[in-house]
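Asks: Take a look at the letters that make up each chain.
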Amino acid sequence: MSTRMKPNKKVKASMCLMGLGQLMYGQVGKGLLYLGVLALGIAYFVFRGGADLVGLFTLGTREMDTWLGIEGDNSVVMLLMGILAVIALLLLAAVHISNVRDARETQRIVERGGRPAAFKEDAKQLLDKKFYKTVLFLPVLGVCVFNILPIIFMIAIAFTNYGGSIVPPKLVDWVGVDNFVQITTLSQFAPTFGRILSWNLIWAVCSTALNYFAGLGLALLLNKDCVKGKVFWRSFPILAYAVPGFITMLGFKFMFSYGGPINQLITAAGHRAVGFLDIDAKWIARFIGLGVNAWVSVPSIMLLATGILSNRDMSLMEAARIDGATPWQQFRRITLPFVLFSTTPVLLGQFIGNFNNFGVFYFLRGGLYIDGYFLASDTDLLINWLYNLSISNNYYNIGAAISLVIFLITSLISLIIYTRSASYKEEDTFR
Amino acid sequence: MKVSKIADTCVTYIILIVVCFIFFFPCLWLILASFSKSGSIYSFEGFFPSSYSLDTFRTLFTDTAMYNYPRWFRNTLFIAVMSCLVGTFLTILTAYTMSRFQFGARKTMMKTTLILGMFPSFMGMIAVYIIMTQFGLINNMWGLILIYSANAPMGYLTQKGFFDTIPSSIDEAARIDGATNFQVFTRINLPISMPIIVYTALTSFTFPWSDFILPKLLLKEKDLYTVAVGLMSLGDTEFARFAAGAVFIAVPIVILYFCLVKFMVNGMTAGAVKG
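In order, the protein sequences belong to chains E and D.
To get the numbering used here, take the position in the first sequence, counting from 1, and add 1.
Once you know that position 220 of the second sequence is 203 in the numbering used here, the rest is easy, because the numbers rise by one and skip nothing.
Misleading hints may appear alongside valid ones.
A few chain E residues that face chain D, going by a derived Cβ cut-off under 7 Å, partial list only [unchecked claim]:
| # | residue |
| --- | --- |
| 1 | Phe58 |
| 2 | Thr59 |
| 3 | Gly73 |
| 4 | Asp74 |
| 5 | Asn75 |
| 6 | Tyr133 |
| 7 | Asn224 |
| 8 | Pro262 |
| 9 | Gly354 |
| 10 | Ile410 |
These are computed hints drawn from the structure, not numbers from a lab.
We put the CB at the ideal spot given by N, CA and C, even for glycine.
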């Protein structure tokens, strides 16, 4: 399509009315298909979509009144349906563009002396040249409905006052950036937000570093020549890796609970039971969290590092040894750069995963609210707070605003790491 | 030299034994607890039960009035198997297409998935909940299956990394012989991608198998509990029941992992290398 060609009448017909050009070329099946899509689209907008679009801006005008028997608007459903209508509009536009493109393609073929593709041939193309379209249709649809739509919806919620006492049947309204102002300034949210954010950052850095180096160290240890029966030794971490996460967490919660085995041993030795995960157990609980998280994550890092280490160029090590490098120097100058290089994406993934690590503290201390925190405890991460606020306590708008803050932080960090990392700058160093 | 080598070996083994103890002990503790005669955690002597029997397993399956474990188990198995089938299918196809086809929207789609991955995982839960109410799929296991399968293709990167390593010259040879892209995929690439398919199936089975957030949100009826939600509802006095239930669902997974650990490592390394 590089050469500019004048759209002929039939292409113009397609521009005006989807499918018309195809019909004029004698491509009945395709033409009707396009027309059908258009008819469906128009029908949708006449009967439902148009009102939904308006609803997106007003978010409902009639409040429910049981005394007067007025069935009010449900703002939240209206918001969701409004977003859906916008998506439908975009989809219709995309189909229209594809229709014009298709007409131009046919024009080009005809001008070169070919004949318009029959419906059957087009359908066949879907298994061949356009195989990707056939294949990606379902996944893209699924991701749009269950991933993108909810995210857009929550982004929208972050700019409304939906939550607290304002839930349907009450009417919800757009409030601009009020929620963000609230979490950073309001005495109800701001102190909690600051405390949780700083602990969240400490947690993400510490747990990632701990898991990463412990996993790498374990892999190196198991890789040593003097270790016999590697399969046997390796099976223990794999065992830990295979146990479903929630079982591990719940198990550890029982282990550290008041009646748990550790406290039984302590009381048997004549001391008082320790509330490891109790209200005043700030740092103890945090360290237990770090340990439990390491128990869960180290094995996967070990497996990964084992795979990467087996790709290591051993002649480099040999050369270094002959030149008199100590094992530490070999590790520091050869192994570590290589492993770091190959695992930057994993490291980043781990960091993001730990930053948003919901499970650990949800299971260990779930549902604990502490003085000085608004609906949170001193071990909770932002994501736990988000859960407490939006799922347990209906503060949807604040929850959504926090989600956006989490998103901003994680994406900023990933962006920085990605653009600065060695594996981004020099892709071919170790190839 | 000799002495330091022996010392080195000794230290290595000591560390190994400690590490293995750390990993093994909690598992052993749960397994032994599941065989304890009395159910409550308070009746234990330290870590271990005072007397052993098979009773807990028997009550786990027969005493279903309060805690219907067999029911939870069936629910979980159904959800996990169905999500695994659909999810694996979609993920493999997506990864293959992203690896082999050059089309206009490809880069945009890859970037979009990266960005979507940055949002907190259950940020959209409320919206999902509302969507599910609109579809009438609350308290319905198919709703969960739909969500798990629809979200599975988001994690296509590992699989794409694998397909990137299969040389495309094979494809081209087949194309010259007249195969369509569909045939190239089903006849040539699919048979040699068994490791990655196994890996994908395993991961998309274990996620629903051990997820607790979605079932908790979407399945409110007690009859529809999954094992994860059900086990979470057990307190200190039902500790042995918890342990037995946990052991019972962990054992199949653990065996599966041990059989497939080679595939897992291959899959993980394939995805780790930047492509």
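Asks: Taking the closest Cβ pair, is phenylalanine 58 of chain E under 7 Å from chain D?
Replies: Nearest chain D Cβ about 19 Å off; hint violated.
Asks: Hint check: is the beta carbon of tyrosine 133 of chain E less than 7 Å from a beta carbon of chain D?
Replies: Interface hint status for tyrosine 133 of chain E: holds (4 Å vs cutoff 7 Å).
Asks: For the hint on asparagine 75 of chain E, does the least C-beta distance to chain D fall short of 7 Å?
Replies: violated, 10 Å
Asks: Verify the interface restraint on proline 262 of chain E: the C-beta must sit less than 7 Å from at least one C-beta of chain D.
Replies: holds, 4 Å
Asks: Less than 7 Å between beta-carbons is the criterion; does threonine 59 of chain E satisfy it with respect to chain D?
Replies: violated, 18 Å
Asks: The hint names isoleucine 410 of chain E as touching chain D; please verify it with the least Cβ-Cβ distance against 7 Å.
Replies: violated, 9 Å
Asks: Holds or violated: the hint that glycine 73 of chain E contacts chain D, with Cβ atoms closer than 7 Å.
Replies: Result: violated, 17 Å to nearest chain D Cβ.
Asks: Would the stated hint for aspartate 74 of chain E survive a check requiring a Cβ distance to chain D of less than 7 Å?
Replies: Violated: closest Cβ of chain D sits about 15 Å from aspartate 74 of chain E, beyond 7 Å.
Asks: Does the interface hint hold: is asparagine 224 of chain E within less than 7 Å of chain D, judged Cβ to Cβ?
Replies: Check failed: Cβ of asparagine 224 of chain E comes no nearer than 11 Å to chain D, outside 7 Å.
Asks: Against chain D, with CB atoms and a cut of 7 Å, does the hint on glycine 354 of chain E hold up?
Replies: With Cβ-Cβ at 10 Å, over 7 Å, it is violated.
In this structure, the earlier hints numbered 1, 2, 3, 4, 5, 7, 9, 10 are contradicted, and the remaining ones agree with it.
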